[in-house]
Amino acid sequence: MGKVGSKSLSCLHHSINMYLASRYFNCDKMLPKDPGGRAIIDQFMMYNCGTLQPRYRAAADPILYENCRFVSPDQICEIETAYSDLDEILAGRPWITGSLLSIADISIASTISTLNILVPVDKNRFPNLVRWMYKMSEEYFYGTANDKGLEEFSKRIGELLLHVERRDIRNFY
58 MGKVGSKSLS
68 CLHHSINMYL
78 ASRYFNCDKM
88 LPKDPGGRAI
98 IDQFMMYNCG
108 TLQPRYRAAA
118 DPILYENCRF
128 VSPDQICEIE
138 TAYSDLDEIL
148 AGRPWITGSL
158 LSIADISIAS
168 TISTLNILVP
178 VDKNRFPNLV
188 RWMYKMSEEY
198 FYGTANDKGL
208 EEFSKRIGEL
218 LLHVERRDIR
228 NFY
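If you read the sequence shown in our numbering, its first letter stands for residue 58, the second for the next number, and so on.
Simulated from the structure, these hints should not be mistaken for laboratory data. What you are looking at is a predicted structure, and each value in this text was computed from that prediction instead of being measured. Errors might be hidden in some of the hints.
Keeping only pairs whose Cα atoms sit at most 27 Å apart, straight-line, the calculated DSS-like set for lysine-lysine is [what the hints assert, rightly or not]:
| no. | residue 1 | residue 2 |
| --- | --- | --- |
| 1 | K192 | K180 |
| 2 | K180 | K212 |
| 3 | K205 | K180 |
| 4 | K90 | K192 |
| 5 | K192 | K205 |
| 6 | K212 | K192 |
Take these sequences, add in the hints, and give me the full structure.
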């Protein structure tokens with residue numbers, strides 16, 4: 058993550074991903090060109106950047122940088138509220154934005170899979186989210202782009218916390 062002065066650029070990758078998708082990935086399904094479809098993608102990209110990632114940072118930063126050994130109950134509640142929101146969004150649809158996989162699914166999957174290391178997604182409380190996470194984990198790009206970072210994060214967090222096990226969504230089923 059980059060910084061400019063005291064401002065964090067944690068969401069810069071969203072802009073980069075959207076640029077790369079529109080420039081090199083000639084598929085209107087992943088990142089629609091029509092304003093209505095694009096607005097839906099933008100809504101969930103902003104949800105990831107404005108809701109999910111700050112909750113990740115609030116939980117992970119004290120562990121990574123402040124010698125904290127646990128995720129606080131308030132942080133767990135905030136993260137589980139986001140899980141609940143996503144579970145409701147995913148009710149009756151296969152992907153975050155509807156019937157087609159999009160760049161928003163990819164971005165949110167990266168954040169949720171990392172949050173899952175800190176606060177496991179309960180398969181009984183959030184079945185739609187778990188189903189979606191499993192579907193995402195079966196996508197080619199997930200294994201090539203997400204698994205290595207998850208493994209490194211899990212290892213680092215495991216070294217810092219009292220007890221953390223590797224939480225792979227593919228083991229839920």
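Verification of the supplied hints:
The hinted pair formed by K192 and K180 meets the criterion: a straight-line CA distance of about 14 Å does not exceed 27 Å. Proximity of K180 to K212 is assessed by CA-CA distance (about 23 Å); at most 27 Å being required, the pair is judged to hold. With a CA separation close to 23 Å, the supplied pair K205 and K180 stays within the 27 Å bound. With a C-alpha separation of about 25 Å, the suggested pairing of K90 with K192 holds against the 27 Å cut-off.
For the given pair, K192 sits about 18 Å from K205 by alpha-carbon distance, which is consistent with the 27 Å threshold. A C-alpha spacing of about 24 Å is found between K212 and K192, which places the hinted pair at or below 27 Å, so the restraint holds.
In summary, the structure agrees with every hint in the numbered list given earlier.
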